[in-house]
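Novice: One letter stands for each residue in the lines below.
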Amino acid sequence: MDTMPRWADVALIPLLNLLIAFVLSGLVILAIGENPIEAVETMITGALGSTYGWGYTLYYTTNFLFTGLAVSVAFHARLFNIGGEGQATLGGLGVALACLSVNWPHWLVALPVALTAAALFGAAWALIPAYFQAKRGSHIVITTIMFNFIGAALLNYMLVNVLKPAGQMEPASGNFPPGASLPTFQDIFAFTGGTLFRGAPANITFFIGVAACFLVWWLIWHTRLGYAIRSFGQSEPAAVYAGISPVKITVIAMLISGALAGAMAINNVMGEAERLVLNSVEGAGFIGIAVALMGRSHPFGVFLAALLFGFLYQGGAELSLWTSIPRELVIVVQALVILFTGALDNMVRMPVERMFIAARLARAEAKRAKPAEAAE
Amino acid sequence: MTGGGQNTGRAETAAPAIELKGISKAFGPVQANKNISIRVQPGSIHGIIGENGAGKSTLMSILYGFYKADAGEIFIKGRKTEIPNSEAAIAAGIGMVFQHFKLVQNFTVLENVVLGAEDGALLRPSLAKARDELRSLADEYELRIDPDAVIDEIGVGMQQRVEILKALYREAEILILDEPTGVLTPAEADHLFRILRGLKDQGKTIILITHKLREIMEVTDTVSVMRRGEMTATVKTAETSPEQLAELMVGRKVLLRVDKKPATPGGTVLEVENLKVRDHAGVERLKGVSLTVRAGEILGIAGVAGNGQSELLQVLGGIAHGTGSVRLNGTELDLTGRFSDGRSRRAKGIAHVPEDRQHLGLIMDFAAWENVAFGYQGDPAYNPTPWRIDNAAIRADCAGKMERFDVRPPNPLLAAKNFSGGNQQKIVLAREIERNPELLLIGQPTRGVDIGAIEFIHQRIVQLRDTGKAILLVSVELDEIMSLSDRIAVMFDGRIMGERLPGETDERELGLLMAGMDSAPGNGRPALETVGGGH
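One line per chain: the protein sequences are A and L, in this order.
Using the working numbering, the letters of the first sequence correspond one by one to residues 1 to 376.
Using the working numbering, the letters of the second sequence correspond one by one to residues 1001 to 1535.
For reference, chain L alone in the conformation it holds in the complex:
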């Protein structure tokens, strides 16, 4: 099961920048890390790839002093080092850039960089020193940034740069980045990779944690694969392939492309015209969206998270209110008032697999069977009398759904929180798809889902399409959008930037649209450089 070139990164130079020997860590009965050993050469980019829950973040948290390993040793530059807390990690020259930035939103860049690393009680000398330092770092690593910009007002790409600068300011020699591209547009991600290569050239060591194969292939020198808490292989990136890595991650061969016939779209099912939604603070999140979805077709909505896709799903699913016009098979849907709720939507044949299944789609403390009735608790099949709910009937229904959707373990009595992400999603999917809806709204269908389950979920979505149902798919994973959609609409800042056919576009073009730029020629590459600092 392991790859050809196991541990090829060994013994090129004297002391590895980081060496972990036999690291183990358990949380209660869950063994998050099992006897993990790894060597990272100085001045290299080392990728750690694995499915969600494979133990990547736990391993890095041990390295950064958040958790104490149950067993094992850490060597930094050949010296055995104890890392009981993050101060010790920083002192050892380790810097960490978290997936969710740890920045003070209303401080300036400079203040954030200095925070926690002040030289004394007085701020002014520290700030002045930091300002000089930032300038030289900017020149050295192509990390230009306005030190007086307030974090609130700069884009996520810039915020990430601040995190990197924070680590460099603390003289980090080893930089760990945890899923750094999750919030970035493809262009911003490209820029990040350029920065990382620059850092590498200056002799820094970089550990990149990700579950995206493409990033690993693009930027790393060596890659370690984790699966179920174990390190299954360490290989040179140049000597491996995405297919091999995927197989190592999952333990079997995986179809990376969705197998599907061309769509045969029928009549229009969903017609959205000039849809506007304001959030609780009164900010307009949808600024006049118009789109249509036809029967037997998957419309994919691409975009960086937070550009209105969530609001679109919510207003169609009856969670948020809006203005404009939404027609389902020609009938106007209420967008405000008592008939704009989730129950009315379901009655009209709209099923909704929400983006956030842990907070919306499921009740984590409810058993699987209780979750199977969720949203359909009024179904006559579950209610023998107007009052009574027939628990036994729901349990039986749940058992059937679990079998048909291959939910593991197939135990209706188990609480939702005890299933893995993929199996949780299968429960939601079974509930919504088996209603045979006219329109399926589906958000981030495979977020936090392991690769094995992704295949299955994609197949089910395509199957539903093939029975002539309309599907509106929202995903921040471009690969998913590209492979599943029959048509792609790109959202940016509450608007549809444009529609493309998957066969006639590429990631670069979609990326430009996602960043709010028209992809017309002459408006391309040069503009790209400003993306990071945008909005």
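The following block holds chain A by itself, in its conformation from the complex:
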């Protein structure tokens, strides 16, 4: 028997982890002489109090959805892809090249091409570490970290030497043609009168992200490939016994993972900036790791975790804007959330498990006692 009911595993434990992280964060805020209650209020109103706030929260959420799913797919094959940052960077490059190549007539035409380019570039960036892992045993954690740096340097080079329009000082590409502009939430909800989501960057990519969640769920649990990926992730020797090729699965899982991370660029490059700038990914690749950990590599969990981190990002920005709490403290809060939901998961899990076992034993005891009483 499993030690815990499923709801405790997927809901109770993450919530307890979060609670501890928030309480500790509150103590830190207290320690620097600020009011934690006020801080929470600022974060909530800033991130969720208006459609504008929601527009930012959902924009960040979309980024984290893609990178979180990317890490999750690799996790299922027990591959720790921490190269989401680099893959998303390359995805951005792909989007920029696609968007700048033609004067697009309409976003509906541009989107599939840009999405394909983003996914292909991201996948290509994951392919090299994957190949070395599969064939040579070079550890994927090391190689993907290296490829994050190489990716950043490559972007730098491309922006400075290739994509920067003549005469421009800033290392950034030119603006994308108007036909490549994705509808934002403001555009989508324009029929309500035009005041909803005004000025917020959330765009149609959010729905692509949600669709990606379903797609990944279907892939992992309803396809033969997903079955092979999970088998390989559980046990490589067993996969070999079952005739599943470790080389093939390592490469395919990483390609899918890289493609998902690359696809994030549709949101931040095409949907928001509408041009390619330096450091466009802004750490979303790394947040994806925390999102996948917290979401237990399940697309639904990833969605909730991405939403939480979207809230933390937007709420944190508001915090530094409206209070004297320094911006760095937001990073502390995020770090605590990552620490407790990811690294220190067992600290909460073990006592809760013991609790459930004790409760079950007590129930069994009571059941045994009852017939005995009846007999008397």
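If you're looking for bench data, these hints aren't it; they were derived computationally from the structure.
Be careful, since some hints might not be right.
List time: in silico DSS-like cross-link candidates among lysine-lysine, alpha-carbon distance up to 25 angstroms [unchecked claim]:
1. L:K1034 x L:K1102
2. L:K1068 x L:K1021
3. L:K1021 x A:K248
4. L:K1200 x L:K1034
5. L:K1077 x A:K367
6. L:K1200 x L:K1236
The hints should help you fit chain L onto chain A, whose structure is shown.
Specialist: Leaving out everything else, chain L in the frame of chain A:
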């Protein structure tokens, strides 16, 4: 359900060497030991027998201070003793020889014996003292060993002797041996039993934990039977029989012999010629194996674990690569390259029940139904489209297989790790046998499987044979090989030492072959003495 002479070992002399009173221990919801009481007389060999998971090892771990009992008391030589850790156990005069030796591989025998029992910061005086001590122990107990041999370079029988010497060096009066013969050849086991009798004669008390009835009958004075965490009986060995013990272990009557008709072999199915396999380190594990298996026949491969049987199964099952020639029904099989994998083997009609079902045959965290598709995930019945896998169809198939193979509980949604060893094996067996393969490779079919399930598994294997399929059986259990096989091949050091018919050989002859010796007359008994120190 209990045997006739329960607790007959009582009150012969004043204080028992060990007395346990009401020991209980639970791991989470699992009650590993329930209110166990036992008395062991000094200067006797006391066997504890039970199926895997009956709680024998837990009980001994409590005695050795690895676990703390939830309830109960321990008395050593009549004195109540707390044993919170292994140092306390050693101080109380208890020595333990584990199933898996705890030796430093690149230390010498002497260094291993001294390790943890040094007299001071300087090693030289301790070593010198230990050397003298070992010499006298060797004379006293027939435990001769070269103190300067490196553990790496001596055989398992010798390594076990080192473990015993370690305990004696720490002045153990009570010696616990946990499944000591699992890694030994029959000859090495015989030698071990001689040593144990010698120790007994010197007044030591020995507790022997095993699941092999034969050993209990051969060497013990009294025997306690455990079942599902409870001590079901303690009887004098002389007053019991293997059948009675088996019944006590399982709780019902058990067929110890497999009921089977003589084989009616057909044409050759598997032909292996000069098969060689190297492991990752480049060491040759199979050194030119040739054998054939015919339709409707079980070829049993006997041998001590680690003599190439695993590699043979792996290369035939598409897990390892090799050179040589393997033909299935006359068609050559690839031994390297992309068509030498498990999928290609299955496509050709080879099913494989691997030796290590927990690491190869099953994915422990997968549900039973997911494991039923394992290796056959490409089966059209499971794949309505090239991409989609039909979970509902697999679940339905799993439910059917569970019913036909009496898997308990018959719940396809339960994770493999939550089934007992026997039921896990039934899941693997159902998956492989119901493919109706031309050739079934089966390794250690009943390792870690309770006696009740062993019967069932053996019957299924024989049934498959009777439908005219070829079966290659690998097992380290000689009894299993003897009772199941239609022909027996013995492996030693990557080679087939010889083939015998089960009716025309005995355990002694097979044991000699397993130890790498020809069983020709004049080459028998005297050579036996050197086996322990061999290779």
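Novice: Run through the hints listed earlier and report the numbers of any the structure violates, in increasing order.
Specialist: As far as the earlier hints go, 1, 3, 4 and 5 are violated by this structure, in ascending order.
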